[in-house]
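Q: Same order as they appear, the protein sequences are chains B and U. With my numbering, letter number 299 in the first sequence gets 286, and the count goes up by one each step, no holes. With my numbering, letter number 137 in the second sequence gets 124, and the count goes up by one each step, no holes.
Since the hints were derived computationally from the structure, they do not count as laboratory data. Worth double-checking, as some hints may not be accurate.
[Stated by the list, open to error] Only pairs whose alpha carbons sit at most 20 Å apart, straight line, appear in this in silico EDC-like list of lysine to aspartate or glutamate:
#1 U:K56 to B:E42
#2 U:K56 to B:E53
#3 U:K(-6) to B:E42
#4 B:K(-6) to U:E138
#5 U:K(-6) to B:E133
#6 B:K56 to U:E49
#7 U:K56 to B:E50
#8 U:K(-6) to B:E260
#9 U:K117 to B:D(-8)
#10 U:K117 to B:D(-7)
#11 U:K16 to U:E340
#12 B:K117 to U:D(-8)
#13 B:K56 to U:E50
#14 B:K(-6) to U:E53
#15 B:K56 to U:E53
#16 B:K117 to B:E53
[As the list claims (entries may be wrong)] Reference listing, derived: stretches of chain U covered by chain B, where coverage requires no fewer than 3 residues with Cβ under 8 Å from a Cβ of chain B:
#17 -10 to 2
#18 264 to 273
Note that the structure is predicted; figures quoted are calculated from it, not measured. Even for Gly, the Cβ is constructed at its ideal location relative to N, Cα and C.
There are 2 protein chains.
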Amino acid sequence: MSLIDDKFARLATDNAPGQEVRAAARIDKNTLRGESIPGIPVDFSHGDVNATAFEPTPGAFEEFAEGVKRGGDQAYTEYRGKAEIRDGVAEKLADFTGRAISSADELIITPGTQGALFLAVAASVTAGNKVAIVRPDYFANRKLVEFMGGEVVPVRLDYLGNTGRAGLDLNELEGAFLNGARTLLFSNPNNPTGVVYSKDEIQAIAELANRYGVTVIVDQLYSRLLYSGQLFSHLRATTINPANVVTIMGPSKTESLSGYRLGVAFGSAQLIERMEKLQAIVSLRAPGYCQVVLRTWFAEGEGWMADRIRQHQLIRDDLISVLGTCSGISARPSEAGSYVFPRFPALTVSLHEFIRILRIQGGVIATPGTEFSPHSSNSIRFNFSQNHRAAVDAMRRVVQLTERYRA
Amino acid sequence: MSLIDDKFARLATDNAPGQEVRAAARIDKNTLRGESIPGIPVDFSHGDVNATAFEPTPGAFEEFAEGVKRGGDQAYTEYRGKAEIRDGVAEKLADFTGRAISSADELIITPGTQGALFLAVAASVTAGNKVAIVRPDYFANRKLVEFMGGEVVPVRLDYLGNTGRAGLDLNELEGAFLNGARTLLFSNPNNPTGVVYSKDEIQAIAELANRYGVTVIVDQLYSRLLYSGQLFSHLRATTINPANVVTIMGPSKTESLSGYRLGVAFGSAQLIERMEKLQAIVSLRAPGYCQVVLRTWFAEGEGWMADRIRQHQLIRDDLISVLGTCSGISARPSEAGSYVFPRFPALTVSLHEFIRILRIQGGVIATPGTEFSPHSSNSIRFNFSQNHRAAVDAMRRVVQLTERYRA
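Build out the structure end to end from the sequences listed, making use of the hints.
A: So this is what it looks like as structure tokens:
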């Protein structure tokens, strides 16, 4: 296998969320037990942005339409995004995260948060660099590091064994830094587990990063969707050296604006400048007209976000109840975001076979835990930003099928 | 300087089109001669998509609005783009280029043609690989190769010394292949010169590529905007090994749809598959709602494209006339696309100073030739997809300032 063949073999997307349509859900007929269970199909691989579930922020389309009317001035923006839009977003994100942001130098608008993650990693990591990656964590993190020729140094998150903290193994984290990792990439709230890092954990990360001169890229995509009783600590508002931290957010999840593909990264001016240089050759800019939709962000109107959070929390509670009826399933109630990541009991089929069985017999699409960690081969990620009743019924089918294929 | 500092130093965007707003147009006052020349400012760094110049394709916004209404099904597409949209685009591009395209395996929708170029280069080139790059050619080509750790092997385009052919030095091209280059990246029509490769040149490229097993990435962004009397040869329709060619196009230029950021790449199934894997970590997908706008592509309605070409040709003719009034300016009339790339006589100021003088005293933004080739330090690129009268007046100011600063 040539070098480049090998590089792309490690970028496999066969089990990535959203790509299920490309893989025929085939399975040996002798493996299947019993009949399919009827019900409304649910695609838990991503959120449902239709009217029956969670629609985009009110006014988003109208802002877009205004942008199109504005013409060339909006179509062709600076690569890092239109200044006036960056001004507004920087002010809101400074309020939200508790630390000032220079809209001129410390913020870039990207095509989705995926774009921001790619640019941040490529701006920090080059061939041979070691990068600390949490396990489990967002499936692209590992691939980004590998694509840049970097080396992943894993750090364990013991999310099931802890309450009141995410469960990051701080000794392993320091070990990774001692071992030469000079970049840390992690999501908070964690994707896929829905846990939130405690204030102490965030402060400890800041102190370790300062001690070892580590650049930290923190993906806070779900930090607005925080359930009752939860506190969120922004890494950038700690004592961390601000030149060494980039925060990533975007309106594609809680706000259901994924169809516009918008993300932002903010923090270290040096890294943001590199990211813009790279964006110039990767995609030029986030779509000019779509950028305008960011005006609706953090401006959703009285009570809108509180209501959206409440609705998600109700779904979470019902799904946790349903999962709780099945002995051997362990699920930590999500503290933020719209993922639940239950661990399943031993089954007579492999995880990937069970994923296909869920699709064929249960009308359920979900993402295997192996996308997030090689050690999560008995876990499945469900995005519960769905129609409430359909999601609960679908999770009942998951429990039925777990019983049917229990070892 | 560390490795990564060095890597980003080579990605400078200070003189890149669209970034002028970030660079203050400062110049030593003693350098300036005479007064500013009044007139409507023209930004020749990119096309003008406003109503006074060249508006987006009719119906584009309406298609977008339909996409938003369609909801989640349109927001979350396969990474390579929604199947039904790929089906339509593949059929039209097969007709246009004269060779079939499998919409399932041989086409990907990307965030702009810049996204397609990045993915195509990253799918073909890895550290240490040699890549043949034409000089002059699109400014990002060199940067893409360098970012991947590849080595640029330049091939000369003698665009001023030829008629009836683009002027590619085929001996140098074969030399590059003999020297180990296994990828060729070029634009046809050429950006910045507006020349079209002849049938013989394209056939020679195909034969050399086959002989040396070279992968060819051809950027045909402007291949629809072909002036009267011109013939266009599609590389993919020659005898070239189809597994070794990727063609890139998009609706952002002639069709003025840049604000939606859409591009497509089509050809080699192996390379398209790699590109999709990479897109998964670079930007996930082209914006879901924007993808719908591709339905208007190659479906602009009777006479629309012919009229648009005619209008551009009239501007081209007038600009060439204006440039012809200035002795020492050489300009080859563009055969396609909306660029003119005149060579200027010796001036008392450097090219980059003259670019700033054009902005300060002439109200003209244009792109220095050095973005396209280190040997083009006496040339300037003008995108004349502008309001006709404003463009002609602005070019008269360019001529006046050339006279004023003539050595």
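Q: Give a verdict on every hint.
A: Now for the hints, and whether the structure bears them out:
Straight-line distance between C-alpha atoms of U:K56 and B:E42 comes to about 10 Å, which keeps the hinted pair within the 20 Å bound. The hinted pair formed by U:K56 and B:E53 meets the criterion: a straight-line CA distance of about 17 Å does not exceed 20 Å. Among the hinted pairs, U:K(-6) with B:E42 is inconsistent with the structure: their alpha-carbon atoms are about 42 Å apart, more than 20 Å. Annotation: proposed proximity of B:K(-6) to U:E138 holds, straight-line Cα distance about 19 Å (limit 20 Å).
Between U:K(-6) and B:E133 the CA atoms are separated by roughly 18 Å; this keeps the pair inside 20 Å, and the hint holds. Annotation: proposed proximity of B:K56 to U:E49 holds, straight-line Cα distance about 13 Å (limit 20 Å). Proximity of U:K56 to B:E50 is assessed by CA-CA distance (about 15 Å); at most 20 Å being required, the pair is judged to hold. Our distance criterion of 20 Å between C-alpha atoms is met by U:K(-6) and B:E260, whose separation comes to about 13 Å.
Distance hint between U:K117 and B:D(-8) is fulfilled; the C-alpha atoms sit about 17 Å from each other, no more than 20 Å. A hinted pair counts as satisfied when its Cα atoms are at most 20 Å apart, and U:K117 with B:D(-7) qualifies at roughly 19 Å. Taking the CA atoms of U:K16 and U:E340, the gap is near 12 Å; set against the 20 Å cutoff, the hint holds. Proximity of B:K117 to U:D(-8) is assessed by CA-CA distance (about 17 Å); at most 20 Å being required, the pair is judged to hold.
Between B:K56 and U:E50, the direct Cα distance comes to roughly 15 Å. Compliance with the 20 Å bound is thereby established for this hinted pair. Annotation: proposed proximity of B:K(-6) to U:E53 is violated, straight-line Cα distance about 39 Å (limit 20 Å). For the proposed pair B:K56 and U:E53, the alpha carbon gap of about 17 Å is at most 20 Å, so the pair holds. A hinted pair counts as satisfied when its Cα atoms are at most 20 Å apart, and B:K117 with B:E53 does not qualify at roughly 45 Å.
With 7 residues having a beta carbon nearer than 8 Å to a beta carbon of chain B, the segment -10 to 2 of chain U meets the requirement of three or more and the stated coverage holds. Counting residues of the segment 264 to 273 of chain U whose C-beta sits closer than 8 Å to any C-beta of chain B gives 9, which meets the bar of three, so the coverage hint holds.
Comparing the model with each earlier hint shows violations of hints 3, 14 and 16; every other hint is respected.
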